[in-house]
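Participant: Chains A and B supply the protein sequences, listed in that same order. Letter by letter, the first sequence follows residues 184 to 295 of the numbering used here. Letter by letter, the second sequence follows residues 93 to 199 of the numbering used here.
In short, the hints are calculated from the structure, not lab data. Just to be clear, a hint being listed does not mean it is correct.
Taking lysine to any residue and the SDA-like style, the derived pairs with C-alpha atoms no more than 25 Å apart in a straight line are [said to hold, decoys possible]:
{"id": "1", "chain 1": "B", "residue 1": "LYS186", "chain 2": "A", "residue 2": "SER234"}
{"id": "2", "chain 1": "B", "residue 1": "LYS147", "chain 2": "B", "residue 2": "ILE197"}
{"id": "3", "chain 1": "B", "residue 1": "LYS186", "chain 2": "A", "residue 2": "ASN254"}
{"id": "4", "chain 1": "B", "residue 1": "LYS191", "chain 2": "B", "residue 2": "GLN128"}
{"id": "5", "chain 1": "B", "residue 1": "LYS191", "chain 2": "A", "residue 2": "LEU292"}
{"id": "6", "chain 1": "A", "residue 1": "LYS240", "chain 2": "B", "residue 2": "LYS191"}
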Amino acid sequence: KAGVTQTPRYLIKTRGQQVTLSCSPISGHRSVSWYQQTPGQGLQFLFEYFSETQRNKGNFPGRFSGRQFSNSRSEMNVSTLELGDSALYLCASSLSGQGEQYFGPGTRLTVT
Amino acid sequence: KNEVEQSPQNLTAQEGEFITINCSYSVGISALHWLQQHPGGGIVSLFMLSSGKKKHGRLIATINIQEKHSSLHITASHPRDSAVYICASNRDDKIIFGKGTRLHILP
Numbered sequence: 184k185a186g187v188t189q190t191p192r193y194l195i196k197t198r199g200q201q202v203t204l205s206c207s208p209i210s211g212h213r214s215v216s217w218y219q220q221t222p223g224q225g226l227q228f229l230f231e232y233f234s235e236t237q238r239n240k241g242n243f244p245g246r247f248s249g250r251q252f253s254n255s256r257s258e259m260n261v262s263t264l265e266l267g268d269s270a271l272y273l274c275a276s277s278l279s280g281q282g283e284q285y286f287g288p289g290t291r292l293t294v295t
Numbered sequence: 093k094n095e096v097e098q099s100p101q102n103l104t105a106q107e108g109e110f111i112t113i114n115c116s117y118s119v120g121i122s123a124l125h126w127l128q129q130h131p132g133g134g135i136v137s138l139f140m141l142s143s144g145k146k147k148h149g150r151l152i153a154t155i156n157i158q159e160k161h162s163s164l165h166i167t168a169s170h171p172r173d174s175a176v177y178i179c180a181s182n183r184d185d186k187i188i189f190g191k192g193t194r195l196h197i198l199p
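Next up, chain B with everything else stripped away, as it sits in the complex (with noise of 0.2 Å):
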């Protein structure tokens, strides 16, 4: 069992439907990274929470430390949104990577 697994893996919806990936990991955190990679490769960080919910325009993200999970949600899916969201485990001053979920939004 991976360290942290995320799911689903792969992801198509319609736009304008409100997505969530999830992410659980296994032992103990001081951190949980979202990660955003579009095809080509380049990856933009959403964003990195220890605690609680943060939100940036469409984007929402939740951890639940007691429960060892986060989520990513985006309300009024667009196209644009297509990319692999990658969650990322900080612990011990190391980084460790769930496999990623392919999201597709259909116009």
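Extracted from the complex, chain A is given alone in its bound form (with noise of 0.2 Å):
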């Protein structure tokens, strides 16, 4: 079974910009959620996903926002990026969300 994947691995934008990220979920798992770690912050939860639903978001700003497909794909956005959005943000897969997650290799997101 193929692993989480997560594109681009790298990215570098400018302030003011959006950017989407994608993952494609574990084939068969239906919850996807998201998280950014920083070096500050350590790790902190976006939101979840489960069939096309947003089920659960943590304390993140409107300029942080998702979706998901009906194959479970899932995308999140950041709108008007600011320095500070600067991380790798990671997402896992479940098959209903309250089990194991399998994580992503992340996306590094470089605002300069």
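The two chains are supplied separately, each in an independent frame; assemble them into the complex guided by the hints.
Facilitator: What follows is the structure in structure tokens.
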């Protein structure tokens, strides 16, 4: 079984731009969660999607949004990028969201 | 105070030593996760537990619900165990992460 894939792996953007990151879960997994990891704050939960619906959301501003497609692939979007958005963005998939999570390799976003 | 606290923050040990990493949480949870992150960023889920003890190879995880405390043990540690170990609590369908323990095993 293929693992969780994320594209792109690396991205450089400038302040004010917007960015879209993609996550393809393990086949059969219906839950996709997104996380931000920074040296200062560590890992933080962004949101979780299950069957195309956002089921849970962390404490991030509205500039961070996401969606899930019928094939369970998910995208997250960050608008009006700020320097502080530079981070490793990880997605993880699971069968139902309550069980073990399988992480992708992450997308490293640098905002200049 | 963070909702999930880990100790120690950093740990250096000799190959073969028994390693213990601790995790305390402040509110009731439905499950606790232990994750391993190697340099380069890849995260692997080691355990998810809600009670008792789980073992996988040289790794053992325990949780005490009453004391709101979990431990991750590594027996016969090896340099390839060098990584950051993160505990995370599941509460109200949200995950809260500890800051991680950076483990370095010397050959």
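Participant: Provide an ascending list of the numbers of those earlier hints which the structure does not satisfy.
Facilitator: none
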